[in-house]
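Undergrad: Sequence:
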Amino acid sequence: MLTIQFRAKIVTIYYTDDTIAYRRIKIPSIARHLCDMNAFRRSRKFGAYANSDLFLAMVTRALKENGIANFLRMGALPEGVAVDESGFLAGVTITLPDR
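Residue numbering for the sequence shown follows the UniProt record's numbering, beginning at 1 and increasing consecutively.
Just so you know, the hints here were simulated from the structure itself, not pulled from any lab data. A quick note: this is a predicted structure, and the numbers were derived from the prediction, not measured. The reader is advised that the hints may include incorrect statements.
Claimed, not checked - No farther apart than 20 Å at their CA atoms in a straight line, the calculated lysine to any residue pairs in the SDA-like style are these:
#1 K26 with N51
#2 K26 with G91
#3 K9 with Y22
#4 K26 with A76
#5 K45 with G67
#6 K64 with T12
#7 K26 with A62
#8 K45 with A76
#9 K64 with T3
#10 K26 with T95
#11 K45 with I68
#12 K9 with V81
#13 K64 with I30
#14 K26 with R42
#15 K26 with D84
#16 K64 with L89
#17 K26 with A8
#18 K9 with N38
#19 K9 with L89
#20 K9 with F55
#21 K26 with L77
Stated by the list, open to error - Computed Cβ-Cβ distance ranges for the label pairs, DEER-style:
#22 R42 with T16: 46 to 52 Å
#23 D17 with K64: 18 to 24 Å
#24 A48 with T16: 48 to 54 Å
#25 T16 with R73: 15 to 21 Å
#26 R23 with T60: 48 to 54 Å
#27 Y14 with P97: 31 to 37 Å
#28 Y22 with L89: 29 to 35 Å
#29 K45 with T16: 40 to 46 Å
#30 Q5 with A69: 15 to 21 Å
#31 T60 with M1: 29 to 35 Å
#32 M74 with D18: 16 to 22 Å
Ideal Cβ placement from N, Cα and C applies to all residues, glycine included.
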């Protein structure tokens, strides 16, 4: 499983009448320390590029292909995204398919 893990704060967005519109998490810029590099090195798609400068651009493109943009809305999480809200910061795990 190709996984990317990070911790982030859940931000609540309000309407103008102070009712809750939705909650969201901002996805940080993807870096190698967020990725499970052992799994990415064994991947058919990413393996040859895991140690190159192209790797981060390929991962960012794969995220966008799977419907993961700059923010994650808590009510409508894309497939392959899991959020653990038990702590102060939410733990986010993104699993990419290895096609």
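Undergrad: Can you list which hints this structure breaks, lowest number first?
TA: 1, 6, 8, 14, 16, 18, 20, 23, 26, 28 and 31
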